[in-house]
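There are 2 protein chains.
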Amino acid sequence: MNLICTQENLNKALNVVGKIINKNTTLPILNNILLKTDKGRLKLSSTNLELGINYWVGSKVEEEGEITVPTRLFANFISSLPNSNVEIKLKDDVLNIKCDKYKTNIKGLSAKEYPLIPKIEAEPVFKINNTEFKQALMQILPAVSSSESRIEITGIFLDLAKLSQNKIILVATDSYRLAEKTLTLKKENVNKEALNIAGNITSVIIPKNAVQELIRDLDDSENLLEVVISENQILFRFNNANMISRLLEGKYPDYKQIIPNQFRTEAIVNVEEISNAIRVAGLFVNVANNNIKLKAYPSSNILEVSSEASEIGSNNTKVEAEIKENILEMDKTDNNTKIEAEIKEAMYNYRYLSDGFGGIDGEKAILKINGEKLPTVLTSATDKDLIYVIMPVRA
Amino acid sequence: MNLICTQENLNKALNVVGKIINKNTTLPILNNILLKTDKGRLKLSSTNLELGINYWVGSKVEEEGEITVPTRLFANFISSLPNSNVEIKLKDDVLNIKCDKYKTNIKGLSAKEYPLIPKIEAEPVFKINNTEFKQALMQILPAVSSSESRIEITGIFLDLAKLSQNKIILVATDSYRLAEKTLTLKKENVNKEALNIAGNITSVIIPKNAVQELIRDLDDSENLLEVVISENQILFRFNNANMISRLLEGKYPDYKQIIPNQFRTEAIVNVEEISNAIRVAGLFVNVANNNIKLKAYPSSNILEVSSEASEIGSNNTKVEAEIKENILEMDKTDNNTKIEAEIKEAMYNYRYLSDGFGGIDGEKAILKINGEKLPTVLTSATDKDLIYVIMPVRA
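Respectively, the protein sequence lines represent chains A and B.
Residues in the first sequence are numbered from 1 upward in steps of one, following our numbering.
Residues in the second sequence are numbered from 1 upward in steps of one, following our numbering.
Just to be clear, a hint being listed does not mean it is correct.
Identical copies go unnamed one by one, so any copy, or any two together, can satisfy a pair.
[To be verified] Simulated pairs of lysine-lysine, BS3-like, Cα-Cα distance not exceeding 30 Å:
#1 Lys103 <-> Lys324
#2 Lys318 <-> Lys251
#3 Lys384 <-> Lys162
#4 Lys19 <-> Lys127
#5 Lys12 <-> Lys187
#6 Lys12 <-> Lys60
#7 Lys295 <-> Lys103
#8 Lys43 <-> Lys251
#9 Lys318 <-> Lys12
#10 Lys23 <-> Lys251
#11 Lys89 <-> Lys318
#12 Lys186 <-> Lys98
#13 Lys103 <-> Lys364
#14 Lys186 <-> Lys89
Hint data in this document are derived by calculation from the structure and do not stem from the laboratory.
Computed from a predicted model, the values in this text were never measured in an experiment.
Make the full structure from the sequences, and use the hints.
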């Protein structure tokens, strides 16, 4: 190997490829990065066996070759160099690097030992701009389950059933709360054929780690991200890189049924005001009781946020809200007085509430309360494509 | 207690008083902050028994009183409030706080249980502006010893012997490297009488924790900091606060004798260039060998920075330098050829080198190398008031 590239491009590549979190300590070569000349470019690759990333850097290649070197050392070294040309030469598994007045030798391990990163040779199913997909993933990521007991909900559900209407739906849940985001694609960015070729896939589950990695790697540009899907794997092609991840197995829960389509109390609130009130209420919770109460006062148009931890103290904040009431058919069969009091309030886990408002875009949020027995639905007043559902805590 | 103050002032006070690091878990009340009305102001106090801080907040006091409340909860709560008036009322050991639409009750513990923060009733020995003292402390702090085996070097030595010349000297060492900073005071800011009253004190040792706390609390203003000294304690009065700390006991080492006043090789280098070269060289050190070699090439005016860790690789960087040689009297009695090679290079602990250049003000640094047997001296080319001494590692 003998090549020249710029420090700037190499550093950009390492910011993507060099940051895969690798928990595998039994295979030390996974702490290395694979450098390989590839059709007049330098390809950098990294994998943790669950996902792999490739990144191509424009180079002047004098001699082909491949080697692996310790990722952190190589990345830290390159990031410390001045913005100038970097000369890379391989001699007997030692990488000689020269840049400006810096001369370095880094000991490598043979590329032969490095695990193969799989390829998918297929057409993209859809394309979407980097920043739009990144935003959507960030909004729903907090709702993904962290518990390994139900592996199928430890990823984001990508529903492709409405692709013929140019829509994709992203869903995350941990069974206590749920986030659903609908994205509308441009017609020319959808390729319905590709799915048929891949065996009539209508949905996939993308592991949480892959989503986190993608959020870190996608930039805030309008560049198109291409998504390629096979039965077991998903490939994201963006800028000069691609990332491939295995898919999660299992059947995603039929979540649609839990989203209520009727509501009893609706409160429109300023997102910043209620978020701050929730943060303050969060100071008065503890491990035993981390619940926050929301209570609507229709006559005074106030939503009260309160919490209490007996040994610390208590807090309550009145947030201005526009409140509407709506008695449902089902309530009429029940004791009406009792229902009327109940449907205006509910208790929620502090973190679920705080995550929910954290994902809301725009100035105002709409909160649809259904009492303590039915889920509460949260949306932005201006962007209804994101729905956040929280199951109240029963008193 | 019944008073009103502004959220802004209370929050400022808590940023100072609320951040004392408290390792004492046997006395839970130390996790609390003491609130007490004091001559028409609210006094906030905190202590970890080694040092204590008081901060006065202008208030409209309706009723006197005192209470202690959990520091973190109170500080987090106040910092979340809008910039408005805060009403504080005490009822049966519960603090009622109202601000804008926020209403909170925080359970307190009686002020009677809170340890007394000592007072020094004396005149300040000297005054100096906040930012100048803070900068000086920051420059020499890294050289303070962390080892508890020699307690007297775990603090900063404040030498007052030259106070009659309006100078104070701050010194830190861990016995491998040493930092000395001389500060020149304005004549009107020195009160020589005060020391005589305190029993002819010529120096004190300020504990590292107190120095760290002071660095955190001093702002970057020209406001005068007043320093009051007694036999066992030191008091810093700044802005609306004062901080009192015990002094360290023991005899500070006679450090003057180890600073060489002659040198064999002098190199003038750009601070940014050599700092970056040292950072890069630091990537190629490990636990067993964390040494970096500096070697001067007088004929080419180059200072070479290099390091090698057999299992990782090696690095060397050529930094432009202005190099002067100086054969000492003592060298002439020895084998001249051998000396000439030796005096141009030495090995240093990576961190000592990096801390040393980190403290240098100005564009250029002067490095005075004396071979591997005598200390190396580092100063700024423009500010000779800071001297950094490093003992080389013997090969």
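Verification of the hints:
Taking the shortest Cα distances, lysine 103 and lysine 324 sit within 30 Å of each other only across copies (25 Å), while inside one copy they are farther apart (71 Å). In this homomeric assembly, lysine 318 and lysine 251 never come within 30 Å of each other (Cα to Cα): the closest approach is 43 Å inside a single copy and 61 Å across copies. In this assembly of identical chains, the alpha carbons of lysine 384 and lysine 162 lie at most 30 Å apart only when taken from the same copy (17 Å versus 73 Å across copies). Only within a single protomer do lysine 19 and lysine 127 lie at most 30 Å apart by alpha-carbon distance; the minimum there is 25 Å, versus 50 Å between protomers.
When the C-alpha separation of lysine 12 and lysine 187 is checked against a cutoff of 30 Å, the pair qualifies neither within a copy, at 32 Å, nor between copies, at 55 Å. When the C-alpha separation of lysine 12 and lysine 60 is checked against a cutoff of 30 Å, the pair qualifies only within one copy, where the shortest distance is 17 Å, while the shortest distance between copies is 57 Å. In this assembly of identical chains, lysine 295 and lysine 103 lie within 30 Å of each other by CA distance solely across copies; the values are 15 Å between and 66 Å within a copy. For a Cα distance limit of 30 Å, the shortest separation of lysine 43 from lysine 251 qualifies neither inside one copy, at 36 Å, nor across copies, at 61 Å.
Only between protomers do lysine 318 and lysine 12 lie at most 30 Å apart by alpha-carbon distance; the minimum there is 26 Å, versus 48 Å within a single protomer. For the homomeric pair lysine 23 and lysine 251, the shortest alpha-carbon distance inside one copy (26 Å) is at most 30 Å, but the shortest distance between copies (50 Å) is not. Proximity of lysine 89 to lysine 318 under the C-alpha cut-off of 30 Å is restricted to the inter-copy arrangement: shortest distance 20 Å between copies versus 67 Å within a copy. For the identical chains of this complex, lysine 186 and lysine 98 are neighbours neither inside a copy (46 Å) nor across copies (52 Å), given an alpha-carbon limit of 30 Å.
In this assembly of identical chains, lysine 103 and lysine 364 lie within 30 Å of each other by CA distance solely across copies; the values are 23 Å between and 57 Å within a copy. Proximity of lysine 186 and lysine 89 under a CA criterion of 30 Å is satisfied in neither setting, with 45 Å inside one chain copy and 60 Å between copies.
Checked against the numbered hints given earlier, the structure breaks hints 2, 5, 8, 12, 14 and satisfies all the rest.
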